[in-house]
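Everything in the sequence shown is counted per my numbering, starting at 1 for the first residue and increasing by one.
Derived by calculation from the structure, the hints in this document are not laboratory data. Errors might be hidden in some of the hints.
SDA-like, lysine to any residue: derived pairs with alpha carbons at most 20 Å apart [as the list claims (entries may be wrong)]:
no., residue 1, residue 2
1, K116, E95
2, K374, E252
3, K477, G523
Predicted model only: the values in this text are computed from it and were never measured.
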Amino acid sequence: DSGDASWLPLFQPNGGGAYILYSRATDRVGNQESISSGRIVYVDALPPVVNVQAPNGLQQPTPSSTDAALWTLNLSGTATDPAIEGSAQPGSGVEDITVQLFNEAGEPIPLFEPQKATLNGDGTWQIAYEIRAANPTGVYQIQVSAVDGVGNHGEAAPIAYSIDTTAPAAVPSGVTAGQQGRSTAAGDAGILAIGSVVTGTVSERPDDVVQQTDVAGVSYVEAAFNPLFSHGSTFRNTPLSASTRLYLPLDESSATAGADQAFANISPPGQASALCSGAACPQSGEAGKMAQALAFDGVDDSLTFTNTAALNGLTNDFTVAAWIKPSSTGVLGRIVSTARTSSTNGWSLATYLDQLLFTSYGVQDYLGTLPVLKADVWQHVAVHLNADNDAEFYVNGVLVETVTGSAPAIADPDDRLLVGAGTEPGQSDTSQHFGGVIDEVAVMTGRPSAADWQILLGADPTFHLTFDQPFIQPNAKLRNDAGLAVADLVMFSSSLPADTNLRADGIVGGGSVRVDASAGLIGGLAPGVMAFENGPFSLSFWGALDDGGSSLVLSVGSADNRAGLTLRPAALTASFTGKTDLNVDTANLVGAWQHVLVTYDGSERVLYLNGVEIGRDAITPNTLNTAIGSLLSAGAVTGGGFIDDVRVYRYELNAREAKALAEGGWLLADVTPGADSGAATWSLPTPLGLEGFYELASRGVDQLGNVQAEEDGVITWRG
1 DSGDASWLPL FQPNGGGAYI LYSRATDRVG NQESISSGRI VYVDALPPVV
51 NVQAPNGLQQ PTPSSTDAAL WTLNLSGTAT DPAIEGSAQP GSGVEDITVQ
101 LFNEAGEPIP LFEPQKATLN GDGTWQIAYE IRAANPTGVY QIQVSAVDGV
151 GNHGEAAPIA YSIDTTAPAA VPSGVTAGQQ GRSTAAGDAG ILAIGSVVTG
201 TVSERPDDVV QQTDVAGVSY VEAAFNPLFS HGSTFRNTPL SASTRLYLPL
251 DESSATAGAD QAFANISPPG QASALCSGAA CPQSGEAGKM AQALAFDGVD
301 DSLTFTNTAA LNGLTNDFTV AAWIKPSSTG VLGRIVSTAR TSSTNGWSLA
351 TYLDQLLFTS YGVQDYLGTL PVLKADVWQH VAVHLNADND AEFYVNGVLV
401 ETVTGSAPAI ADPDDRLLVG AGTEPGQSDT SQHFGGVIDE VAVMTGRPSA
451 ADWQILLGAD PTFHLTFDQP FIQPNAKLRN DAGLAVADLV MFSSSLPADT
501 NLRADGIVGG GSVRVDASAG LIGGLAPGVM AFENGPFSLS FWGALDDGGS
551 SLVLSVGSAD NRAGLTLRPA ALTASFTGKT DLNVDTANLV GAWQHVLVTY
601 DGSERVLYLN GVEIGRDAIT PNTLNTAIGS LLSAGAVTGG GFIDDVRVYR
651 YELNAREAKA LAEGGWLLAD VTPGADSGAA TWSLPTPLGL EGFYELASRG
701 VDQLGNVQAE EDGVITWRG
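Between the sequences and the hints, there should be enough to build the whole structure, so can you do that?
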């Protein structure tokens with residue numbers, strides 16, 4: 001060959017350090033090269049030195065904005081590779097850092113995998129360590145290892161790390177009224193008098209978090225008296241119309257009911273109660289659209305009335321209505337129906353797939369053609385069989401369809417009336433069962449008046465955004481907590497990153513939403529959320545302005561005819577398209593939560609600030625064409641801030657209701673520390689001026705800022 005060759009020396013160094021490599025070559029006839037001057041070879045035998053920055057007390061990882069069981073814990077430290085032994089030559093350099101969390105005993109934890117840290121190039125490292133756990137509260141060992149460029153492996157001494165993501169649990173335990181004390185168990189109703197003080201306990205070690213050993217300590221406790229005026233009786237005292245033949249609130253509680261149950265008919269005629277027996281009884285005490293409701297299993301549940309001419313004898317010009325929350329829309333389910341055991345006559349209101357069905361037995365099936373029903377959401381349904389024998393179908397108080405008829409229903413002289421089921425002809429066993437929740441069943445003569453609709457639909461808001469969900473991301477749908485179905489989900493419009501969480505702590509309930517130039521609310525409202533033509537309505541929200549250059553607005557209506565409510569740093573404004581604004585100057589409103597409300601009765605607007613009327617004006621009719629739906633937007637006109645508890649009502653709230661809404665925010669309780677820093681007692685005098693029905697909510701906050709989530713069960717107090 002050409003005489004060229006490559007070679008590779010192998011040698012076994014005695015350890016790390018600097019070595020001189022000498023070489024010489026010899027050809028095939030014995031000519032030998034002089035020994036070279038040598039080359040220094042460095043052997044790196046020392047592992048990297050890695051350290052973890054020790055924690056300063058309890059640590060709180062950051063929750064994910066998209067996953068309730070994902071947290072990130074920010075860790076950092078140093079990592080260096082020593083110089084070659086016996087020299088100033090740098091080592092091979094740190095190539096890799098691995099971090100892993102173990103339990104307090106140093107044992108592996110499922111789903112807690114080794115994760116790679118980022119080397120910063122200046123001898124430091126950092127990592128946002130991902131923790132997969134619903135609640136990572138507890139004590140952990142952090143183990144960190146480093147590898148250099150030639151594979152030497154070094155480990156930091158394990159250190160203990162205490163994590164606290166558990167909020168203290170504040171629980172109401174009793175109430176004192178004057179000199180007479182009384183204890184009220186959670187979930188039971190109580191009556192409060194003037195001067196009452198609510199008391200409770202707060203613990204940093206809730207029973208359901210067994211791994212909570214270290215605690216940050218209770219910071220404060222808040223409580224709120226949230227007004228309940230579903231029926232409006234404490235504020236309006238509106239009686240049922242004399243045309244009402246049947247009205248079932250269905251508020252009887254399973255806590256006191258036996259196997260055989262009775263449900264009162266409170267209509268003016270004062271007829272007998274609805275009855276059920278044994279396994280055929282629906283589940284009472286279910287959360288209803290107004291107070292409690294009945295859950296029907298769709299198998300054999302039903303209520304029974306004895307035959308009366310006032311109900312079974314109706315033939316035309318009468319209305320049947322109910323709030324329903326069907327578990328599915330794929331079957332035939334009778335809401336209210338006469339039985340057909342003895343004769344095929346009478347009438348029925350039912351759901352069929354996603355449509356409404358009215359039947360005059362032996363005469364006609366009036367089947368709607370529109371898909372108006374939704375599963376698992378509340379919707380108010382009604383049918384009016386008019387004097388011309390046409391069936392007028394209503395959803396959420398809006399006429400959605402009329403199906404023509406030719407003859408009246410046939411009076412039923414001999415069969416019972418059923419709720420939640422019907423029967424086949426000649427059969428006594430019930431069938432065609434409704435599956436889902438039913439509330440506020442009504443039968444009345446004639447077509448409902450505006451006053452009747454207010455009673456049927458109730459005094460709750462028809463649109464309600466609480467912002468209490470854990471994550472509110474850009475372009476994420478929000479639920480309407482008022483429960484109305486069809487197009488009532490509001491969506492964020494924003495250019496923010498998808499993992500941004502716009503939720504913040506709220507003044508009412510658990511959360512509020514951040515709004516500014518980058519994020520706001522826009523979406524469609526269901527038919528029936530707003531009264532149409534010149535009907536009354538109310539708009540309200542809680543707002544907190546960032547600064548003197550900010551303003552927040554809530555606007556509802558059609559694209560070209562809207563009603564708005566604007567909170568400014570020193571003014572409150574009600575605006576209707578094409579009308580003169582009602583603007584009222586105020587004191588400085590920046591830096592605190594403000595409750596704002598505008599009401600309209602068809603001829604007059606009234607502005608309220610924090611439950612107090614600050615201005616009103618007469619205004620010509622304002623036509624809001626919202627019969628088939630409308631638009632809602634909320635956000636910052638300028639600057640930014642926070643919005644909470646957005647409400648729309650289909651009637652004008654009165655002064656007492658305005659005051660009650662403004663009193664629904666969180667109030668700071670007095671906290672008395674116990675012997676253990678993780679436990680305390682708290683007390684809160686009831687605010688002066690409360691009157692009506694209220695839910696008492698409470699929440700604890702610790703020194704790390706962990707906030708107690710809203711409890712599933714709350715105490716309802718009256719008085």
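Going through the hints against the structure:
| no. | hint | in the structure |
| --- | --- | --- |
| 1 | K116 with E95 | 11 Å, holds |
| 2 | K374 with E252 | 26 Å, violated |
| 3 | K477 with G523 | 9 Å, holds |
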